[in-house]
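Asker: My request is simple: use the sequences and hints to build the entire structure.
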Amino acid sequence: MIYAQPTFLPAGDRYVLIEFGNEMNLDLNFMAQGLASAVRQAAIPGIIETAPCFASLLVHYDPEILTLSQTADLLGGLAASLGRSDDIELSSRLFYLPALYLDPWTRECVEDYCARIAKKVPDPELLVQENGLDGVDHLVRLHSSSEYWVASLGFWPGLPFLMPLDPRARLTAPKYNPPRTNTPQGAIGLGGAANSIYPVATPGGYQIFARTPVPIWDATGTRRGFDGALCLFRPGDRIRFVPVTRDEYDAVEAQVNENRYEVTVVEYQKFVVRDYKAWCEKLPGKRA
Amino acid sequence: MIEIVKAGLETSIQDYPGRIGYWNQGFPPSGPMDSWSFRMANILVGNAPGAAGLECQFLGPTLGFQQDTVVAITGADMRPTLDGIALPLWQSVAVRAGQVLALGAARLGARAYIAIAGGIANPERLGSRSTFHKAGVGGIDGHAVKAGQVLPVFDGTGTAGLVVPEALRPEIRTDRRWEIEVCAGPNDDWIDAAGQERFLSSDWKLSAKSDRTGFRLEGPEWTFAEKAINKPKEHGSLPSNIIDHGYPLGAINLAGQTPIILVNDGPSMGGFINPYTVPSAAFWKLGQAKPGEIFRFRQVSVEEAQDMARAIKARCVAGNLVTL
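Here the protein sequences line up with chains A and B, keeping their order.
Quick note on numbering: the UniProt record's numbering labels position 67 of the first sequence as 67, and the sequence is numbered without any gaps.
Quick note on numbering: the UniProt record's numbering labels position 5 of the second sequence as 5, and the sequence is numbered without any gaps.
Note that these hints are calculated values from the structure, not bench results.
A few of these clues could be false.
[To be verified] Keeping only pairs whose Cα atoms sit at most 25 Å apart, straight-line, the calculated BS3-like set for lysine-lysine is:
1. K120/A <-> K233/B
2. K227/B <-> K175/A
3. K146/B <-> K6/B
4. K290/B <-> K146/B
5. K6/B <-> K290/B
6. K209/B <-> K290/B
7. K233/B <-> K175/A
8. K134/B <-> K175/A
9. K231/B <-> K175/A
10. K134/B <-> K209/B
[As the list claims (entries may be wrong)] Partial pick of chain B residues on the chain A-facing surface, computed with a CB cut under 10 Å:
11. A135
12. V137
13. V182
14. G185
15. K231
16. P232
17. E234
18. H245
19. L249
20. G271
21. Y276
22. T277
23. P279
Quick reminder that beta carbons are idealized off the backbone N, C-alpha and C, glycines included.
Answerer: Okay, structure coming up:
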């Protein structure tokens, strides 16, 4: 459900957690990001930073400047001024990432897991089964058909939690049990209703079925396209996966290795929630 | 310049308050776990309280000095020596070029801090010199220091012979038992009344499987409120599962039945509840506790926790130091 009023939960001496509801719903994330954006613009002395998640916003404040109740009052006022989520407009960039679907590296990783840890249905086939698709080609078509919304970043610096903006591309999948001990860097995965990209080789629990050669994390902060940041994405960005052949994948990887790859990105535009919802309403063939 | 002769177990460059402002990209602040001792070390050598220094964990390093300077060592007692002669803690000391400072295993406490006049001058990453080992960010090449490395140091103006009065130092426990303050929330209402009572009245042992990302605790089972059991299925199947949300630093994060205190290098978000949060003023105790030691938690209000942090900050100022 979406709460009538956001709930303020104290979290120690310098944080407050604001919950907008208790379900996985893009609308709740728009509210969290809308409030984060409003807080940034208001530049309130004593509010240090915020971190949006699916349905909530964590706020870090300075108790030397603001009390808990002052912080809650200020944020409550800002949240009320945002109005309905329809009225929220968010700054958003659109990234085009080449992706080799059904790639050899994620397949090898799954086969290794089956051999060493636990037998399971290979990840692409499991996604087909779980979502009643016509086969792995259908999975590739459907997965690459939507833009993905960066709902939040976490777990690892720069790791994006993604939700498809086209409701017809919503897929679900169970997570690995037990988790994998390794995942190739750049693997694209899905667990529960969330998609993600693994910034570096890490353990993981999402079903994996594609890989991008484009780094989304750079500890040196010197890569092209990162503007000195260490992570490619910020909350509120969008990603479109562009299916490529193995040759195209290898060509991009070679450019990346020589640090001459230019990330394809449409710079900041306004994402208007009202327009997005109107578009969703008109879509034919929505998946339940 | 200072040469790392021996690295110790995990000696890392940290500054205070660390890498702030990147929580929404998944970066923790890092920084010293016992920021009380850390700040005191800095003011002893004439630095700003947050200047970059060394955190030494369990077993300290051996450092060779290539310049005259002033240093101070605080926090855990690792029996420091200068050219083999014992050095006092909580005091600024003159060091000559060519001398060797050696720290051993911690006799009392877990983390010692070494401040050098001027502060360590490694490059800033995202506004901080702190080391975040897990992702290889900050410090020198992103990790704990290694033998053979040379640390650059800013020019400083330290004075030898300054002392932190005993009453202004954190009191590291000698009986291996710690009383740690906690604030209720954000998810205390997911635990039933018996579970809340049990949390506050039980002994919790600090597990050896603890590091700068999280402190695991061993203790009794948790019991849950109705809210944790009957909930929309997107929260997940375990009572302690919740829709992924932001984690406050200090959260007592309940992964299944295992509470993990999320500390300086901890994750920014995840799908487990945080029934309690350790406030910043109690972090120094976490920093000085060794695996196997026992925690008892005492609930305080948010306002009390904020007052405690203010009191520590008021102690960590140069005007409070005395001369030998």
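Asker: Against each hint, give a clear statement of whether it holds in the structure.
Answerer: Each hint, compared with the structure:
{"no.": "1", "hint": "K120/A <-> K233/B", "result": "holds (23 Å)"}
{"no.": "2", "hint": "K227/B <-> K175/A", "result": "holds (23 Å)"}
{"no.": "3", "hint": "K146/B <-> K6/B", "result": "holds (7 Å)"}
{"no.": "4", "hint": "K290/B <-> K146/B", "result": "holds (23 Å)"}
{"no.": "5", "hint": "K6/B <-> K290/B", "result": "holds (22 Å)"}
{"no.": "6", "hint": "K209/B <-> K290/B", "result": "holds (11 Å)"}
{"no.": "7", "hint": "K233/B <-> K175/A", "result": "holds (14 Å)"}
{"no.": "8", "hint": "K134/B <-> K175/A", "result": "holds (24 Å)"}
{"no.": "9", "hint": "K231/B <-> K175/A", "result": "holds (19 Å)"}
{"no.": "10", "hint": "K134/B <-> K209/B", "result": "holds (15 Å)"}
{"no.": "11", "hint": "A135", "result": "holds (5 Å)"}
{"no.": "12", "hint": "V137", "result": "holds (6 Å)"}
{"no.": "13", "hint": "V182", "result": "holds (8 Å)"}
{"no.": "14", "hint": "G185", "result": "holds (5 Å)"}
{"no.": "15", "hint": "K231", "result": "holds (7 Å)"}
{"no.": "16", "hint": "P232", "result": "holds (5 Å)"}
{"no.": "17", "hint": "E234", "result": "holds (4 Å)"}
{"no.": "18", "hint": "H245", "result": "holds (5 Å)"}
{"no.": "19", "hint": "L249", "result": "holds (7 Å)"}
{"no.": "20", "hint": "G271", "result": "holds (9 Å)"}
{"no.": "21", "hint": "Y276", "result": "holds (9 Å)"}
{"no.": "22", "hint": "T277", "result": "holds (3 Å)"}
{"no.": "23", "hint": "P279", "result": "holds (4 Å)"}
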